[in-house]
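Please take these sequences and the hints and turn them into a complete structure.
If you read the sequences in order, they're chains A and B.
Residues 1 to 248 in my numbering are what the first sequence spells out, letter by letter.
Residues 1001 to 1248 in my numbering are what the second sequence spells out, letter by letter.
Hint data in this document are derived by calculation from the structure and do not stem from the laboratory.
Keep in mind that a hint or two might mislead.
[Unchecked claim] Calculated pairs, DSS-like style, for lysine-lysine (alpha carbon to alpha carbon, straight line, at most 25 Å): (1) A:Lys-74 x B:Lys-1136; (2) A:Lys-180 x B:Lys-1136; (3) A:Lys-136 x B:Lys-1074; (4) B:Lys-1180 x A:Lys-136.
[Said to hold, decoys possible] Label pairs and their in silico Cβ distance ranges: (5) B:Ala-1032 x A:Val-151: 49 to 55 Å; (6) A:Gly-40 x B:Lys-1136: 23 to 29 Å; (7) A:Arg-76 x B:His-1094: 47 to 53 Å.
Cβ atoms here follow ideal geometry from the backbone N, Cα and C, with glycine treated the same way.
Protein chains: 2
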Amino acid sequence: MSEKNYYKLTMAFDGSNYVGWQIQKNGPSIHAEMMKAGSGFLEDGFTITGCSRTDSGVHALGYVALLVTERDIKERGVAGAFNAHLPRDIVVHHVKQVTKDFHPRYTAKNKHYRYRIYNNNYRIPQFLHYAHYFYKDLNVESMDEAAKAFVGTHDFVGFSSTKTTVEDTVRTIESCCVTKVDHHIQIDIVGNGFLYNMVRIIVGSLLEVGTGKIEVHDMANILASKDRNKAKKTAPACGLTLVGLEYM
Amino acid sequence: MSEKNYYKLTMAFDGSNYVGWQIQKNGPSIHAEMMKAGSGFLEDGFTITGCSRTDSGVHALGYVALLVTERDIKERGVAGAFNAHLPRDIVVHHVKQVTKDFHPRYTAKNKHYRYRIYNNNYRIPQFLHYAHYFYKDLNVESMDEAAKAFVGTHDFVGFSSTKTTVEDTVRTIESCCVTKVDHHIQIDIVGNGFLYNMVRIIVGSLLEVGTGKIEVHDMANILASKDRNKAKKTAPACGLTLVGLEYM
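Structure representation (structure tokens):
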């Protein structure tokens, strides 16, 4: 039996035209594009495993996947070969040979998501490729204060899609910060894991704090209620980017 | 004869899908879209005059145009009506009633252009909507130093397209700065006027300084030579944005 080689692939993609990472019947996926690109230069039998599912339309700067192949190639060669076969909206920008202990999902220490909002009373077309447009004035200080309610270990069942199928809905959030430069707002959230739609529901709820519909101190109660009807609307996918993962 | 009303319109547009401001036979233009939008709510006979031609594919954050119409509308109403009729990649974001002395081109004190470069050894798809991708290492300090050669009053005939038809090729540049944050390079240039392709040829020449093909101190000689063959390649339109104009 031939030996296998393990490569950690770090990727960026513009998710606008994809149904997400996972292969689905209703449209093109990042995983399918990666398999197609790999089959352009690798022998049959290679596998690519992603670090997580992603929602349709969500972007990534540092998505991580594991390539397992019998072929022994230099790290730089792996990136070059993928990029030569990938469409322009997906890129493998870093490759590192790893041992078989590495798993893109189970050995991850944390994930960093960023949600971008363009907050102004008029749209600037150029700023809306990777940001949700929100025209009402937002109180960013209140949003940042309310965001602290999510930090720590909590049952986030109320902040996940009712379609979620996981049993353990407890997650630990390391940090959740809301910052603003000019009219550009960023919500950065780092945690050990996220439930289905969790970041987008957190953002939807923080937007309600920003407009004054929810008081800052109510956020902890909404979280403790574990009630999806208390948490607010799911913010649109276009504003969300998976920035990167840290590994143990 | 009814009195006329004069409105200064400040606009942003994503120029990717347009041949430029000016109406042309070979594709859709910003001016044509503005006239079409205006005819949706204004009586015949209104005119819209732009502050300058723009190259195909060039973007704007603060393009200025003058609307002259018999209709007397509130400033806010003008913006709302245009935006209701414009495609999503063009927006009128500020409207100010002015006197008939105002001219978007002739009373402008200066124009500010910004050229954006994404400088890394791999592409990140998300960063390339309004930036030119350049993979070779660039020495930004040298580029910034060389950029100072353009400041002042000079004959820029060597830094304009040979297609230019203007007679007076002397222009005054107030400032030209090259800055870098992470892998994002910005070239900001402010001047009282620009010849056809002038900013893009300046950028093309600064890129040659960045890679070491031209020495910093040679830039002043190249400019003084007034020879288009000494100046370098025209940088792609996609990286260029008209940031705004100041008026007297």
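Evaluated hints:
1. For the proposed pair Lys-74 of chain A and Lys-1136 of chain B, the alpha carbon gap of about 21 Å is at most 25 Å, so the pair holds.
2. Proposed proximity of Lys-180 of chain A and Lys-1136 of chain B is contradicted: the alpha carbons are some 32 Å apart, above 25 Å.
3. Taking the CA atoms of Lys-136 of chain A and Lys-1074 of chain B, the gap is near 22 Å; set against the 25 Å cutoff, the hint holds.
4. Between Lys-1180 of chain B and Lys-136 of chain A, the direct Cα distance comes to roughly 32 Å. Violation of the 25 Å bound is thereby established for this hinted pair.
5. Checked against the hint of 49 to 55 Å, the C-beta distance between Ala-1032 of chain B and Val-151 of chain A comes to roughly 52 Å, which is consistent with it.
6. The hinted range of 23 to 29 Å is satisfied by Gly-40 of chain A and Lys-1136 of chain B, whose Cβ atoms lie roughly 27 Å apart.
7. Remark: the range hint 47 to 53 Å for Arg-76 of chain A to His-1094 of chain B is upheld by a beta-carbon distance near 49 Å.
Checked against the numbered hints given earlier, the structure breaks hints 2 and 4 and satisfies all the rest.
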